[in-house]
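Student: These protein sequence lines are chains A and B, in that order.
Heads up, the first sequence is in numbering that gives the first Met the number 0, so the first residue is 0 and it goes up one at a time.
Heads up, the second sequence is in numbering that gives the first Met the number 0, so the first residue is 0 and it goes up one at a time.
Among the hints, erroneous ones may be present.
To give a feel for the contact side, a few chain A residues facing chain B, derived at Cβ under 7 Å [what the hints assert, rightly or not]: (1) Q3; (2) E295; (3) A301; (4) A304; (5) R305.
Some chain A residues flagged as far from chain B (calculated, every beta-carbon gap over 10 Å) [stated by the list, open to error]: (6) N121; (7) I250; (8) F262; (9) S307; (10) V365.
Within a straight-line C-alpha distance of at most 25 Å, the following computed DSS-like cross-link-like pairs (lysine-lysine) qualify [claimed, not checked]: (11) B:K137 / A:K385; (12) B:K137 / A:K16; (13) B:K137 / A:K6; (14) A:K385 / B:K83; (15) A:K382 / A:K6; (16) B:K96 / B:K115; (17) A:K156 / A:K123; (18) B:K137 / B:K96.
Since the hints were derived computationally from the structure, they do not count as laboratory data.
Just so it is clear, CB atoms sit at the ideal spot from N, CA and C, and this is done for glycine as well.
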Amino acid sequence: MFGQSMKMAFGAILSNKMRSFLTMLGIIIGVFSLVVLVSLVTSATGSVQAQISEIGSDMLSVNIFTDQGKPIKAADLAEISENEHIGKVAPAGTVYVTAKFERDSADVTVYGTTASYFEIQNLKIAEGRTLRGFDLENHTYVAVVDANVAETLFPGKSAVGKGLSLNGTRFEIVGVLESNDSFSGMMMGWNTVVVPFTTAQRTFSGFGSIRSFYATAASSEDVDAAEAYLREYLTARYGTEDTFNIFNMNILAATMDQVMAVFSLLFGGIAAISLLVGGIGIMNIMLVSVTERTREIGIRKAIGARRSSIMSQFLIEALALSLVGCAIGIALSGLTVLIFNIAARSSEMLSQVSVGLSPTVVIVAVCFSTAIGLLFGLYPANKAAKMRPIDALRYE
Amino acid sequence: MIRINDVCKTYIMGEEIVRALDHASLHIAEGEFVGVVGPSGSGKSTLMNIIGCLDMADSGEYLLDGQRIEHYSENELAQIRNKKIGFIFQNFNLLAKMTAAENIELPLVYQRVGQKDRRERVAQALERVGLTDRKTHKPTELSGGQQQRVAVARAIATNPSLLLADEPTGNLDSRTGEEIMRLFEDLNREGNTVVLITHDEKVAARTGRTVRIFDGRIEEGV
Ligand SMILES: Nc1ncnc2c1ncn2[C@@H]1O[C@H](COP(=O)(O)OP(=O)(O)O)[C@@H](O)[C@H]1O
Ligand SMILES: [Mg+2]
Chain A
0 MFGQSMKMAF GAILSNKMRS FLTMLGIIIG VFSLVVLVSL VTSATGSVQA
50 QISEIGSDML SVNIFTDQGK PIKAADLAEI SENEHIGKVA PAGTVYVTAK
100 FERDSADVTV YGTTASYFEI QNLKIAEGRT LRGFDLENHT YVAVVDANVA
150 ETLFPGKSAV GKGLSLNGTR FEIVGVLESN DSFSGMMMGW NTVVVPFTTA
200 QRTFSGFGSI RSFYATAASS EDVDAAEAYL REYLTARYGT EDTFNIFNMN
250 ILAATMDQVM AVFSLLFGGI AAISLLVGGI GIMNIMLVSV TERTREIGIR
300 KAIGARRSSI MSQFLIEALA LSLVGCAIGI ALSGLTVLIF NIAARSSEML
350 SQVSVGLSPT VVIVAVCFST AIGLLFGLYP ANKAAKMRPI DALRYE
Chain B
0 MIRINDVCKT YIMGEEIVRA LDHASLHIAE GEFVGVVGPS GSGKSTLMNI
50 IGCLDMADSG EYLLDGQRIE HYSENELAQI RNKKIGFIFQ NFNLLAKMTA
100 AENIELPLVY QRVGQKDRRE RVAQALERVG LTDRKTHKPT ELSGGQQQRV
150 AVARAIATNP SLLLADEPTG NLDSRTGEEI MRLFEDLNRE GNTVVLITHD
200 EKVAARTGRT VRIFDGRIEE GV
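Excised from the complex, chain B in its bound form (with noise of 0.2 Å):
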């Protein structure tokens, strides 16, 4: 399903050339659980980036479900995230002013789906996460777990083939963390294709198939 070959991606800060990925290589299967490990700065984030159609490589090729990314138009890239990728982010993303009803909604107002479907499957988002009994609160009236699992139903909410998740238990306290590690591997288990990126190596652990990066480059794991 996604094909990275020979990425390079590099910064340049002033003076300083950062190489934040350093002709990376990675192969991600259908239905895989991979966990991306590495310590901070290694390059994670940006490679979460461009598989999620954020940000563009500088070299080298990265095809999605056989096609190459950088043929595609802005307004395709957007059309990509919103229908084939869920994301999960460390601090949430979710937008404070809605509640988390409507925080799930919006990518299926992106994606143009009608107001009764679109009520309908927010609601099976939040009872898959657990959360129905939150539906009107906002963000701030939220713990970070329940965030994060707002986040989480936002994620799955379209069906996209792929959930990206950068560090998401990293704001969270071991307990919460847990719930969030088991709500992965549920959907995982469920067919979702997850790429988990962590620099905790016990979360690691707990994917299917660990990768290693460091310094930008990429190393199949253990």
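For reference, chain A alone in the conformation it holds in the complex (with noise of 0.2 Å):
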């Protein structure tokens, strides 16, 4: 009975492919649209999820806005990183400069830090090496570059051994960063030099005192608790919170998360209601085909057809109407997918960028498709159900 009404149903919908294809088209696009956009987020989810990790996203930053004639020194950095539930602690000052190679020179951001910084930033060496205790502790001029200051000023050759001269002082270039293309990068800008923060404040005048610094948690469940203790103490330190402020990268992923649920949500609520208009097409049009069969009813009912048997086989045009245009949907997104990750792959910017259709959205697509041809079939096919048979017979 069941194949019977499928095979009928599929029989309707196949003799009269354009109007039935016209029919689908809302479910199509309401299923492309959800599908592709909610796998677009969620596959920029984790892609952004991924870089905040890379980050590590044990990591603190502190900023003192005013330090009360009582500047954080190294010392205090030391004290800091005893503490349990602290991984590591670099300070960081930054200073805008030019820095000049010969006839040369780029906008830099100095960054006055130590070496712990490499690690708590998770900075990559390329060529020559990071900063070392004894640079801090002799306060030498040397720097290291990233990759974008390397290419600018030495385009071709080797940074590591030069010169550079920043503001008129001259340091040398002792390793050069790994370009950095991920989110920290693009946290920390392009074009930046690092060098040991007790040259920096010697040598940049505004540099001062210890303005912010970064710490780790000792692990990643010890976050929030090693930013209760920095909480604590800077509290103790200058008898309020409001002249510092603590920005932990939890908070920047647990935002990114509801940022994307968010989109998410508004895209998936477009999608639906682009799949109820579909689902108002549906219905439309199994009214139509309900009226242009009446005489069909008609004669199903006088060879015995009961109420029940008309129903289902107008349920289930329906619902193939639904579905059939679900499963295009989803082909077609999957299409769309493949395409986007083609043409990401050859572009620098996205390159890392892989979008995968989210099993989730599809199956919700395929419950919401079902749910569509069901709840728009059910009046059509009532409709066709009640009809008397005598009435039916006699339609022309």
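Got two chains here, each in a separate frame; can you build the complex from them with the hints?
Tutor: And the structure:
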């Protein structure tokens, strides 16, 4: 019986291909936008989260607005790093200067910090070395430059061992960072030069005391405890929480999650509306179909079709319309994602992005389409099933 | 088998009241071949619809195999139409999108007969009306006479106890009409109860017993 109904439903759909296709279009577009948009958001979330965890979501950054004459010293940072919840600590001061080499110059951001900074920020050295304790103790004039600076000032040559003038003071380049197009790279900015904190304090006017520093938690479970400790420490020092700010990478990850969830919902909502419109399209065409086939319904009833047989015939037809539409929508989404990935691979900016169909949203799309087919098929099917055989037979 | 007692059916068309059946009574025994004859608009089709459980009388009683029809639910009526009655209409009433075999199969599908059994009975019915070689043809690919034979095959496929034919030859030329009439005669000889509705006296004359209907009133024939 069910097999027969299926056969009849597909027969009816295939006998009027153009009309069936146009009817399905709403569902196709709805499913397509739902699957593609949500898959995009899901993949974007995944890759952003991956980049955040690459920086280390166990990182805390501290900014002090006014030190009230009690500046943080290197010894204080050492004390902080002794805490059981804290892993590494590195001061970070920035100053914007012009870097020169022979005729070439570049505007750079100078970070004055310690060796720990590289580990905290997960910065990798492509060539040469990072800062060492020795550099800080002796405030040597050494610098680690990023790949951008190296490429700008020393195109095609090794920068290591070269001299670099920062606001007129000569530094020796001891290392070059790996080029970093990840999220942490974006946060740090391009054109950066890293020098020993102590050297920066002496060299650059306005660099002053430690106004900001980075710390890592001892482990990812310690992030909140580490933040609490820092807050307590700084509050004790300054007597108020208003003079400093602690930024927790976990918050960034959580905020990102929230933003993406909102996007998912928004896109999902838009898609749901177009699915609903698609459902109305199905109902409309099913009503037309029921009217057109009044005589057929009469014949079927005359030869013994029960109400439920007629009902299921039209319900299955509506369901088939929406599910075939759904299948086409999913297939189109798959194709789009495939093409997107191929295009992204050859593009520099998106080379790391790879979108996959989110299985969850595919399941949601199928469930939604089923519900739509049933819901909007119900009224026409019931209308067909309720017809009196005698009236249906006489219908011209 | 059929007992119709004092049945009325009226249609209200605006101001006008049409008495399609006016205190009509009719008894038909098992195995009979009854011709119902009357002019157009006399209430023949109305009578057939009531006998065929497609419609309900306004008043009076109708007993089919001793059971009062009014007591049945819609689904039970569908089942009765399916199992006990075979319809043959003037305009064939075949499903245009289905082949001859599928049309014949349909009442068996509604009877939930298994596929293998179905195929056998469809083949038998096709053979019975001599259309085995046309089983995959759609109605539009068949002549009027062939279409009506498919309709007869559909009606007999379920082995109903009653065949109801409403002007089965009305849309056919005399030669093909003759074929159909012979089919009914044979079916009756094989024990089928046949009620044949017609406005054609010559057709009516070939039945076993003629019932005349005029303005909704039934008079037993000559
Ligand atoms: N559904 C209906 N609505 C209104 N009048 C009807 C309807 N069906 C039949 N009639 C009227 O009832 C009368 C009998 O019709 P019918 O039984 O079809 O006659 P026949 O089949 O003998 O030509 C006719 O006058 C017809 O117009
Ligand atoms: Mg008639």
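Student: Take the hints in turn and mark each one as holding or not.
Tutor: Status of the hints after comparison with the structure:
1. For A:Q3, the interface hint holds, the least distance from its beta-carbon to any beta-carbon of chain B being 5 Å, beneath 7 Å.
2. The restraint placing A:E295 at the interface with chain B holds, with a minimum CB-CB distance near 6 Å, inside the 7 Å limit.
3. With a least beta-carbon distance of about 5 Å to chain B, the hint placing A:A301 at the interface is held under the 7 Å criterion.
4. Look at A:A304: its Cβ gets to within about 5 Å of chain B, closer than 7 Å, so that hint holds up.
5. Checking A:R305 against chain B: minimum C-beta separation of about 5 Å stays under 7 Å; hint holds.
6. With a least beta-carbon separation of about 68 Å from chain B, A:N121 lies farther than 10 Å from that chain, consistent with its non-interface assignment.
7. Every C-beta of chain B lies more than 10 Å from that of A:I250, the closest at about 64 Å, which supports listing it as non-interface.
8. Interface exclusion of A:F262 from chain B stands, the closest Cβ pair being 47 Å apart, more than 10 Å.
9. With a minimum CB-CB distance of about 8 Å to chain B, A:S307 fails to clear the 10 Å threshold, and the non-interface call is violated.
10. Distance check for A:V365 against chain B: the nearest CB is about 29 Å away, which clears 10 Å, and the non-interface claim stands.
11. The straight-line distance between the Cα atoms of B:K137 and A:K385 is roughly 28 Å, outside the 25 Å bound, and the hint therefore fails.
12. Between B:K137 and A:K16, the direct Cα distance comes to roughly 19 Å. Compliance with the 25 Å bound is thereby established for this hinted pair.
13. Distance restraint check for B:K137 and A:K6: the Cα-Cα separation of roughly 16 Å lies within the 25 Å cut-off, and the hinted pair is therefore satisfied.
14. The suggested pairing of A:K385 with B:K83 holds, with an alpha-carbon distance near 22 Å, which does not exceed 25 Å.
15. For the proposed pair A:K382 and A:K6, the alpha carbon gap of about 21 Å is at most 25 Å, so the pair holds.
16. For the hint linking B:K96 to B:K115, the alpha-carbon distance of about 22 Å falls within 25 Å, and the restraint holds.
17. Restraint check for A:K156 and A:K123: the C-alpha separation of about 19 Å stays at or below 25 Å, so the hint holds.
18. Taken as a hint, the B:K137 and B:K96 pair is honoured in the structure, with Cα atoms around 7 Å apart against an allowance of 25 Å.
Hints 9, 11 from the list above are not met by this structure, while the remaining hints are.
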